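J.: Could you build the full structure based on these sequences and the hints that come with them?
What follows is each chain in one-letter form.
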Amino acid sequence: MTPAATSLPGTSMERRRRQPGRLVDEAAASLEPGPARLFADLPAVGEWRSLAHHRSLYGMPPAPGLRRNARLIELVGRAGLRGRGGGGFPTARKLQAVADGPGRRVVVANATEGEPASRKDELLATRQPHLVLDGALLAAHAVAAEEVIVCVDRRHRAAAAALQRALAERTEQEAASCDVRIALTPPRYVAGEETALVQWLNGGPAKPTTAPPRPSERGVGRRPTLVQNVETLAHLTQIAAFGDAWFRRLGTAEEPGTALFTVTSDAGSTVLEAALGTPGGAVLGSAGALSGRMPRAVLVGGYFGTWVPADDLARSPLSRAGLAPVGASPGAGILVVLPEAACGLLETARILRWYAGESAGQCGPCAFGLPALAATAAELASGGARPDDVARLRCWAGDIEGRGACRHPDGAVRLLRSSLRVFADDVEAHLAGRPCEGSHRPTLSVPAPSKEWR
Amino acid sequence: MRERRHPLVLSVDAIACDGHGVCAELLPEWIRLDDWGYPIVNPAAVPPELLDRARWAVSNCPALALSFRPAPSAIAAAAASAQRPFSGLASRTP
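Residue numbers (my numbering), protein chains in the order written: chain P, 280 to 733; chain Y, 35 to 128.
It is worth saying that the hints were derived from the structure and are not from the lab. All figures in this text were calculated on a predicted structure; none of them were measured in a lab. All C-beta atoms in this analysis are idealised placements derived from N, C-alpha and C, irrespective of residue type, glycine included. Careful: at least some of the hints might be erroneous.
Said to hold, decoys possible - Short, incomplete list of chain Y residues facing chain P, as computed with Cβ under 8 Å:
1. 51
2. 63
3. 70
4. 72
5. 104
T.: Encoded structure:
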């Protein structure tokens, strides 16, 4: 194997010489990659980043073995990495919980990305598959896993193909260090929820299960299982290569590092990388979403998110702490700008319909409550609702919240509540029989539910 | 008198629950049904005077979906007492 002949701008030759097993060494942590991180030197569309080239940038991850690597988990803890799949849970604690479990463990790299307004995992897996695979192997090394499963939504063919090609390159050029395979998941929103993913990998339907036991206690093949979003794993690769101090150079003290954001607006859909804590206005601006008039509202966190007035969002730092005052969270880094001509209440009703269709139908409050919410919200949108319908929506929201086995119904409730708050003027107008112009014009793209659970 | 117990809460396994409604009939002070017939349980620790009937409700759930769990406050207290020897914060309020 020969190293790549060309060195990209901003990359240094020293990085090629990192030794296997030395990735968690502090001494190796002073190297400086480019200004962007996951997207530094992103290969152009259709261009392939070879394994040799990747190794020249990141070295070789240590092989997963029988022993856990507490130092690597400590390094991740010092870096302050949090999950980028939406939950924002501290990654080191998750690694530790799995590492503490008995027997050989399993790592599941989650690229299912069922959130309709998110594209970042698909893009990352398609353009930087080696970064993702190294992260999964590092996680496997940290917790002493004997198996890595990369889960990709079966609709995301390009991502699956890129991961497959990257795996093939490894099989051809390197000794196998761990059993790695790709699994193509059913195209359902809740399939990416970690208990659903585990049940599906165990041969069942891709529906959530009652927790506890969490997958970290009893997961794939009843073994302790780490389910980690692929962007989180890609950050893990860079932390192992460049160190915790480097990672903390961007982002906030509480929420260090960068994150990938998918911004959807009239200008189209863009994925960009920004330091956590970057003002929402800067990210919207970079995505071209502020070229015209200031939009009214932005759906922050995607369909599993919250409506926020656009000027509030523009001022707010994009982090959990920065968005908490406006009742939102970055989630998986999704910003959907309400198009100028659209009606927020109609779009909310359409997304609630999607929620109802994506319910696994296992828990009563979700299976029956979400269709009821969606139907009443649709009446409100069309101008056919009365004030007691809005009171009923609020009452149902309180009754449904927190009563599913997973958080799917909670997402619907949060979205609904934020719509009644942010579009309060529209609610009054719709109740008075004056629905806005956009209320007959569905605008956002809302996918039709699939019927498949396997 | 019974031996002293940790406070308990009632918990519904939302996937197992089929909305039979037996629990709300046996323990209406603590469990009501939503508009679709599924139980909404008071999240507080079950008071001692309701414990016997709460046990009756648990054992009569046709779906075996209702159970007792240690109250989160009890879990926190157990964790705090386990930490105390190391914390050096003996004066911490419970």
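J.: Each hint: holds or not?
T.: Now the hints, each set against the structure:
no., hint, in the structure
1, 51, "holds, 6 Å"
2, 63, "violated, 18 Å"
3, 70, "holds, 4 Å"
4, 72, "holds, 4 Å"
5, 104, "violated, 13 Å"
Hints 2, 5, counting from the list given before, are not met by this structure.
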